[in-house]
Structures are given as C-alpha cells and as structure tokens.
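Visitor: The chain contents come next:
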Amino acid sequence: MIEVRGISKRYGDLQAVDNLSITIEKGHIFGLLGPNGAGKSTTISMMCGLISPDQGAVQLNGEQPTAKATKHKIGLIPQSIALYEELTALDNLSFFADLYGLPSNLKAERMEWSLKFVGLQDRARDTVSEYSGGMKRRLNLAASLLHDPEFIFMDEPTAGVDPQSRNKLFESVFELKDLGKTIIYTTHYMEEAEKLCDRVGVVDKGQLLALGTVDELIDQHGGHSSVHIRSEAGEESFMTANPVNDLMARLKDLTTVENLSLQRPNLETVFLNLTGKQLRD
Amino acid sequence: MMKAVIALMKKDLKLLFKDKMAVFFTFVFPLLFAFFFGSIFSSSGGAKGLKIAVTDLDQTEKSQAFVQQLNEASEFRVTETDEANAKELVRTGKQVAFIILPEGFGENYGGIFSGQPPEILVGIDPARKAEAGYLEGSLMKLGIKRFELAFSDANEMIKQLDFSIEDIQQSGDMPAEWKSLLSDYLPKFKELTEQELAKQPDGAGSTGLNFGADGDNPMMPLKITKEEVSVQQSGPRNSFSITIPQGVIWAIMGCVIGFAISLVREKTLGTLDRLAIAPISRTQILAGKALGCFAAQAMVVTMLFTIAYFILDVRFDFIKLLLAVIAAGICFVGVMMFFASITKTEQSVAGMTNAFLILMGMIGGAMIPLFAMPGWMQSISHISPVKWAILALEGAIWRDFSYIEMMTPLAILTAIGVVTFFIGTRMLKLKQS
Ligand SMILES: Nc1ncnc2c1ncn2[C@@H]1O[C@H](COP(=O)(O)OP(=O)(O)OP(=O)(O)O)[C@@H](O)[C@H]1O
Ligand SMILES: [Mg+2]
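Protein sequence lines correspond, in order, to chains B and W.
With positions in the first sequence counted from 1, the corresponding number in our numbering is that position plus 11.
With positions in the second sequence counted from 1, the corresponding number in our numbering is that position plus 28.
Quick caveat, the hints were computed from the structure, so don't treat them as lab data.
Treat the hints loosely; a few may be bogus.
Lysine-lysine pairs mimicking DSBU-like chemistry, simulated, CA-CA at most 35 Å apart [unchecked claim]:
1. W:K295 to B:K127
2. W:K42 to B:K147
3. B:K118 to W:K42
4. B:K79 to W:K42
5. W:K295 to B:K84
6. B:K84 to W:K46
7. W:K46 to B:K79
8. B:K84 to W:K42
9. B:K216 to W:K372
10. W:K38 to B:K118
11. W:K31 to B:K118
12. B:K37 to W:K295
13. W:K31 to B:K84
14. B:K127 to W:K38
15. W:K372 to B:K118
16. B:K188 to W:K295
17. B:K192 to W:K31
A few chain B residues facing chain W, derived, Cβ under 10 Å [to be verified]:
18. G23
19. T81
20. K82
21. I92
22. E97
23. L110
24. G130
25. L131
26. A135
Label-pair restraints from in silico Cβ distances [said to hold, decoys possible]:
27. B:D173 to W:L350: 37 to 45 Å
28. B:A252 to W:S376: 38 to 46 Å
29. W:S376 to B:S140: 17 to 25 Å
30. B:S140 to W:P402: 47 to 55 Å
31. B:Q75 to W:L387: 41 to 49 Å
Owing to the predicted nature of the structure, the values given are computational and were not obtained by experimental measurement.
The beta-carbon is built from N, C-alpha and C at its ideal position, and this holds for glycine as well.
Make the full structure from the sequences, and use the hints.
Guide: In structure tokens, the structure reads:
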C-alpha cells in the first residue's frame, strides 16, 4: 500500500506539486492523469524517493521510500529513455542488475525473464542505439523490473510509441498487475487511463482535482451525455443526465430511426469540466 | 557494497572505450603528442646524429683520416677535443660518447692480414644501450672502409690480374676476338701496375695470412674497447623525458573531460535517476565514477610509460612516479567532479572543462615545457594544477627530486583533488533534491 500525505514541491516561484494526498491499494493500477507540466513526474519522483517533498510524507508499506529495504521494492520507469545507448541491451541489464546486488544465478534468470517479458530476447546482443523508439521504451521497462519490484512507477511509458508497441505495453501492464504488483502510471492520454487504471487521479498545476474510479469520476464530474438521432422527424440532439431513459422515451414517438448515437461523458469531459480546458493542447 | 562500485566503474570504462573520440583524445593523441614533439625537439636540438667527442692521441696520417671519416659520417656530430675534456663532456651529459684513438692506431689501421686490428676507446653511459649499439655499429661500418682501402692496394690488384689472365686463357667458350684483345690488354695492364708499385717507397701491404698472436683477429674492422661513464644527470636525458609527462597530462585531461561529460550525460539521460533509486548510497555512486576516471587515467599512464621506457628510452624512479601519478589522479578526479557538478548540459560541461584544462595546460607546461617558459609565465604557472602534476612527474623522471622535494607538488595536487572533489560531490547532491 502506498500512502501519500499532503506532499508539496516548489521550484522557485513555481508550485510544481501542491498538497497532494493519495492512497493506493496493493495490486491496483493507479493512473495519474494530467496535461504537460501538471506535476506528474514531480509527484512520482517524490513517491519513489528520488526527490524529497518540501512538505508532507510518502510511505510504502509504512516505510520511507528511501529506506534501503524499500528501495529494493521500488521500480521506476523514467519518462526519458534512461539507458546507455552505446552499450548492448545485455550490458545495460547486467549493469542495472548489479546495482541491486543480485547473485549471479538469480541475475541471469531475471535478465532472461525481463527480456522475454518485453519481447526483446532476440535483440539482446544489439546495441541499444540500433533499437527503434518502441524497443527502447520496452527495454526501459525491462531495466526497471530486474529486481522484481513490488511497486512499479511508470512515467509516461507510451511516449513516442507506435500503436502496436503501445498495445504490447498495455498487455505488459496487465501482466504485472496479475503478478500482484502495485502500479502507478502517469499519462496525458485519457484512453490509457480509462483502459488500464483501477483508480485515477486528475492533476493540473500541481493540484489533485479529482480522485476515484473512472466511472466515479465520470458520474461526479462528467456532466450530461449527448444524444443524436436522425429519423423521419429530421436531425435532433439533446443533452441529458439520464440518457437511457430519455432515449427510450423519445424513441417511442419515432417509427424510422436512420441513425442514433449516444456520447457518454469521458475523462476528457471530466477534465474539461474540472479545469475549463482540454487535456491535450 | 563494493560490487556496485566495481559495476559502475566497469560500465564507465566500457562506455569510454565505445566512444571513439574519447579513446582518441585519451589514448592516441597524448602518444602522438609525445612522439611528435619529442622528435621535433630532438632534431632541433641538433641531435641529427650522435654527439660525440673525439680525441686523436695517435696523430698519424691514418688516425687523422679516421677522424675525418667520423666528421663526414652523417651518424655523428663530432667535437674534437683533448682527452680530459672529452671525458668531462660525456660525464656531464653534454655529449653522448667519447672516442679516443690511442697511439698505434694508425699502425694497425693499414694491416689487414697481419698484426692487430686498430683499437679505439669508446666511453658511454651504460644506461644508453640504444645509443651504444648504434655507435658501435656505425664505427664498425667505418672500420670496414679500411678493407676497401686495402683492396685498392697495388699488390692485391696484381694478384687479381694474374687470376684473370689465367681464367681467360683457359676459357673455351669465349669468342676468339675477345680472347685475343684481353690476352693482349691484361698483361700490359699488369706490367704497368708493377711499374707503379716499384716507384712506391715501401711495399705497402705484404701478403700472407697471419692471425694476430693474441687471438685478436686482424680481419676485425676495429677493436672497440668500451669504457663505462656514469653520467651526472643534470637535465632531461632526452626530449621524450619532457614530452612524455606532457603527453600524460593530455591523456589525463582527456579522461577528465570524458568522465565529466559522462557524469552530466547521466543526469540528462536520466540514468542517474536509476542509480539514485537503486539501493546504493550516493557515496558509492560517486566512488564508482571517481574510480572509473582514476582507472582510465591509470591505464593510459601505464601505457604511456611502458612505451616511454621500452621505446623512447625514458628512465624514471618507479616509486616516485607512482606517487606522482596517484596524486595527479586524485587532483584531476576532483576537477572532473567539480566541473560535472556545476554544469547542466553535455555541451556546457565539455566547453567549460575544455577551456579550463587547455588554459591550465598552457600556463602549466603541457605545451611549452616549464623550464623553457619565460619568467613571468613560470610565476603564473603556480596557479595551474597541470604545473604541479608535470613537476611531480618530472621530479620522478629527470629532476631527480628527493622525497622531500616531491612533497610539495604531491601535497598541492592532493589538496586540489580533495577540495574540488568535496565541493563537486556536495553540489551534485544539492542538484538532486
Ligand atoms: N528540477 C526542476 N527545476 C525547476 N522546475 C521544475 C523542475 N522539475 C519540474 N519543474 C517544473 O515543475 C512543473 C511540473 O513538472 P513535471 O515534470 O512534474 O510535470 P509533468 O506533469 O510530468 O509534465 P510532462 O507531462 O511534460 O512530463 C513544470 O512546470 C516544470 O517546468
Ligand atoms: Mg513528466
């Protein structure tokens, strides 16, 4: 379990993170959704102990993230490709495994598992600089899983990745969840948050604006659904808080419906309603 | 604990060797520098040929002719002087060797098939093996000339002609015209030679093989008697003794720049975050970097001094050199940490470190040797860590420093290293939080 209590971080005049509190259950995938510069990376960095908050505290299973025993349980997938591109994938993994002091038999086993997990076992001897963007992203993930961490922090792992690699990555996230890992996933793609996350926190300008399951957030902040009908009566649209009932009622009066669409509110509308701006610029 | 530090160091060395530019500036360039300037200095120093002092105690026609040959030989640069001065010149290292032609040299010089080979006395520093071999070889080459001289001797010629006339008469396949022409010509030529010989005051070169009674083969071109001269070391033994320490500085500067860039690159890439998140301490991370930088320096310095010793004939006091290299290593690892901590991008760290080191190198003697600097420059050179590193290295190579004298540069280098390392690691720590 991860407990974040009132953490803040300030860079000069800029309040990067402002009094943010979250609790994340073991085995959950938690999404941190927000536009560029919202403070996602800063939050995640404080959660995994990379930077210390100005105020507030973070506890992983009741321990400080910087405690040595806890460090063994943390896996961070940095937003940038944090790899030595001049070295081979194997050299990279071997080095990062050594940082965790894995004994050599376990190290070989974990390296093999990680490469297989991200589907790079055939390219393990290649220099990373020869990899495609998607392959680098996958190796970036593999390098963080060598020590079999319990808490996995993924900072925009799909940045610059084609749809195929993206789907592969989603599968990997679910596999990790099946292994019982607790996952924190930041993104500014609401589709990713909707698809992957058990719970989502919406952040902007360092503040946590809303917290809950995707459905809860939509119920609370999504507003009305929009309904669009084309029939013998012509085209008509209306907004409603109760789309199913309202639609059924309207359809009773019509005989030939040519086209019908129902647009439920999504995280995009949630974000729009919370901040008055689009998630993506 | 140590495992992570070693892993960090190995990784950095691997990265260094993957970077062709870094390898060039760390390993190849310093060597080229030492070679190139070393050879320029040695030729401009006039050492086109060995500098030798020659004393002719025989003062005969033959001995003077031999001195003349030495003068004309491109292998030598000859100073003619008396015996005492010749020895002094070698002892003080101003000349490489002395050659003394003792009395009786001329007498033996003419004798090919009898008597003893002419003797010369050569004095050279026993440590200068390469020059000694070269000198001996060159002298022998000159000695062989005396055979050429002998074979242009008239008696020898007459004998040769007799053989030839006989050959021609017995030859069956030679055209008759040629046979008659040569049979006519060669005896006449022989007659003429005999007349010339009769005119000479004494029959130069009596025939008959006769080896020297004491076992000295008179067919030896020369008998070289060597005398070992212990040279007072005052000043560098050769120009490489100056350019190798300079090459070492260039190599160390290459390491410093390479590692400063690699440390900043870890920040910009985010791999430093991976290190920071791992269950290793900041001290271990920094120790790994420092050790990598130090190991790279040790490697290139070992390479340079191995080449210097075996190929360039540079001599040094091993223990003092080791101390100098370690102190310089500490100093420049600190400098590396400092520059890596105050800069944010790879370009700025490369630019700043380069500018700083080249300036320090320039005023510190990495380009112009310290002793060749004008006075004002020598006094500002004190602010350059490069100067102290070169001084320590030179102290172990040719300045012949005592351990007490070594203390000053060693202490200064260590102090610079410790202070810059401390500041650097402190600042790097601040950046992260
Ligand atoms: N080390 C730093 N020094 C100064 N300002 C910083 C630093 N790190 C982050 N910031 C600022 O803090 C704010 C939040 O940054 P952060 O990287 O956490 O945002 P983010 O949500 O991860 O954005 P993105 O989606 O672009 O990754 C930004 O305005 C950023 O410029
Ligand atoms: Mg970010």
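Visitor: Look at each hint and say if it fits the structure.
Guide: Hints, one by one, checked against the model:
no.: 1; hint: W:K295 to B:K127; verdict: holds, 29 Å
no.: 2; hint: W:K42 to B:K147; verdict: holds, 20 Å
no.: 3; hint: B:K118 to W:K42; verdict: holds, 20 Å
no.: 4; hint: B:K79 to W:K42; verdict: holds, 28 Å
no.: 5; hint: W:K295 to B:K84; verdict: holds, 23 Å
no.: 6; hint: B:K84 to W:K46; verdict: holds, 33 Å
no.: 7; hint: W:K46 to B:K79; verdict: holds, 33 Å
no.: 8; hint: B:K84 to W:K42; verdict: holds, 28 Å
no.: 9; hint: B:K216 to W:K372; verdict: holds, 25 Å
no.: 10; hint: W:K38 to B:K118; verdict: holds, 17 Å
no.: 11; hint: W:K31 to B:K118; verdict: holds, 13 Å
no.: 12; hint: B:K37 to W:K295; verdict: holds, 32 Å
no.: 13; hint: W:K31 to B:K84; verdict: holds, 20 Å
no.: 14; hint: B:K127 to W:K38; verdict: holds, 26 Å
no.: 15; hint: W:K372 to B:K118; verdict: holds, 34 Å
no.: 16; hint: B:K188 to W:K295; verdict: holds, 31 Å
no.: 17; hint: B:K192 to W:K31; verdict: holds, 28 Å
no.: 18; hint: G23; verdict: violated, 14 Å
no.: 19; hint: T81; verdict: holds, 9 Å
no.: 20; hint: K82; verdict: holds, 4 Å
no.: 21; hint: I92; verdict: holds, 7 Å
no.: 22; hint: E97; verdict: holds, 4 Å
no.: 23; hint: L110; verdict: holds, 4 Å
no.: 24; hint: G130; verdict: violated, 21 Å
no.: 25; hint: L131; verdict: violated, 18 Å
no.: 26; hint: A135; verdict: violated, 16 Å
no.: 27; hint: B:D173 to W:L350: 37 to 45 Å; verdict: violated, 56 Å
no.: 28; hint: B:A252 to W:S376: 38 to 46 Å; verdict: violated, 57 Å
no.: 29; hint: W:S376 to B:S140: 17 to 25 Å; verdict: holds, 23 Å
no.: 30; hint: B:S140 to W:P402: 47 to 55 Å; verdict: holds, 49 Å
no.: 31; hint: B:Q75 to W:L387: 41 to 49 Å; verdict: holds, 46 Å
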